[in-house]
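FYI, the numbering used here numbers position 79 of the sequence shown as 88, with every residue one higher than the one before it.
Bear in mind the hints are in silico, worked out from the structure with no lab data behind them. Worth double-checking, as some hints may not be accurate.
Result set (DMTMM-like, lysine to aspartate or glutamate): computed pairs, CA atoms no more than 25 Å apart in a straight line [what the hints assert, rightly or not]: (1) Lys48 / Asp79; (2) Lys18 / Glu28; (3) Lys88 / Asp61; (4) Lys48 / Glu28; (5) Lys48 / Asp61; (6) Lys18 / Asp61.
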Amino acid sequence: MRVNGETAKPAQHISVGDEVRYRVNGFDRLLTITRVLTKRVGAPIARTAYIDSSPPRPSPLDSPAAVIRDRGAGRPTKKERRQLDALMGGGRHQDDRH
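Starting from the given sequences, assemble the full structure and let the hints guide the process.
In structure tokens, the structure reads:
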């Protein structure tokens, strides 16, 4: 968690205008504090105390499809491994050989 670009320590005080950045489930969240609450409140009221400037999460359709092999199919052949590498966007090019 970072407050105004610096790593936050436990119980660090924040003020109006501070930017809080943290990571949840692999995605960055960016909040700008608009109001400081003095006591614990419910989620609907807490949402009014900040502006969420987080970038939109990518669509699940944008992520590569999972490769599924039949159970008991054994180790993939060299040709199948190359096809899987090409499908996943990795692998080596012809120029990369040693």
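Consistency of the hints with the structure:
no., hint, result
1, Lys48 / Asp79, "violated (55 Å)"
2, Lys18 / Glu28, "holds (15 Å)"
3, Lys88 / Asp61, "violated (47 Å)"
4, Lys48 / Glu28, "holds (20 Å)"
5, Lys48 / Asp61, "holds (21 Å)"
6, Lys18 / Asp61, "holds (21 Å)"
The structure is inconsistent with the numbered hints 1 and 3, although it conforms to all the rest.
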